[in-house]
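Asker: Here is how the chains run, residue by residue.
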Amino acid sequence: ETGVTQTPRHLVMGMTNKKSLKCEQHLGHNAMYWYKQSAKKPLELMFVYNFKEQTENNSVPSRFSPECPNSSHLFLHLHTLQPEDSALYLCASSQASSGFSTEAFFGQGTRLTVV
Amino acid sequence: GEDVEQSLFLSVREGDSSVINCTYTDSSSTYLYWYKQEPGAGLQLLTYIFSNMDMKQDQRLTVLLNKKDKHLSLRIADTQTGDSAIYFCAETSSGGSYIPTFGRGTSLIVHP
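Protein chains in written order, with the numbering used here: chain V, 396 to 510; chain W, 14 to 125.
No wet-lab data here; the hints were simulated from the structure.
Just so you know, not all the hints are guaranteed correct.
Claimed, not checked - Here chain V is said to cover these stretches of chain W; the calculated rule only asks that three of the stretch's residues, wherever they fall, bring their Cβ under 8 Å from a Cβ of chain V: (1) 53-59; (2) 116-124.
What the hints assert, rightly or not - Computed list of lysine-lysine pairs in DSS-like fashion (alpha-carbon distance at most 27 Å, straight line): (3) K413(V) to K83(W); (4) K49(W) to K435(V); (5) K417(V) to K49(W); (6) K435(V) to K83(W).
Backbone N, C-alpha and C define an ideal beta-carbon position, used for all residues, glycine too.
Assemble the whole structure, with the sequences as input and the hints as a guide.
Answerer: Now the structure itself:
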């Protein structure tokens, strides 16, 4: 148990569906991240939130829409996904200040399959 | 090239030592980390080292840092089948973005 909880653990969705991934951290951290992990690819940083403000969007298609209502919760809203979006989506959090971050704590991930 | 590089695979026999290597490019790296990912799970922090240290030992794990060559290694003594996993090297730097940068991960396979 890392203090970062992701739900659901597994998700199968059709290309026309809309779904959301949820991440919650109880560590008091101020930065939260979404990563995508695909087979045979490096871990891809998708979005970063610091104090609820989005600070990074690494050229992620608009069919992925993040939301950070407060420092403890992070969502990833999904709509009209493609089969190549199937991957493990990892949420992480850390304490960031003055251009530095402590280690990142990860959730267990959501295994997403787009059919 | 990538900011953090690792070899993709390592195969060892149970009981032997494993050494996983990592190179990085950011000379302002402040902390360097090793994470472990077991199948179907998220990344779990194993250990970390501050950039002004050369070595850190934690039970079966030894981290060596060569700051001049920007080379980090993780040695696992007496490797067990339960150590089979993907090991990620990561760094954060004070010189710019605080966001951790990860390598591709090294798949460690331990066979009897």
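Asker: Run every hint past the structure and note whether it holds.
Answerer: Results for each hint:
{"no.": "1", "hint": "53-59", "in the structure": "holds (count 6)"}
{"no.": "2", "hint": "116-124", "in the structure": "holds (count 3)"}
{"no.": "3", "hint": "K413(V) to K83(W)", "in the structure": "44 Å, violated"}
{"no.": "4", "hint": "K49(W) to K435(V)", "in the structure": "16 Å, holds"}
{"no.": "5", "hint": "K417(V) to K49(W)", "in the structure": "23 Å, holds"}
{"no.": "6", "hint": "K435(V) to K83(W)", "in the structure": "24 Å, holds"}
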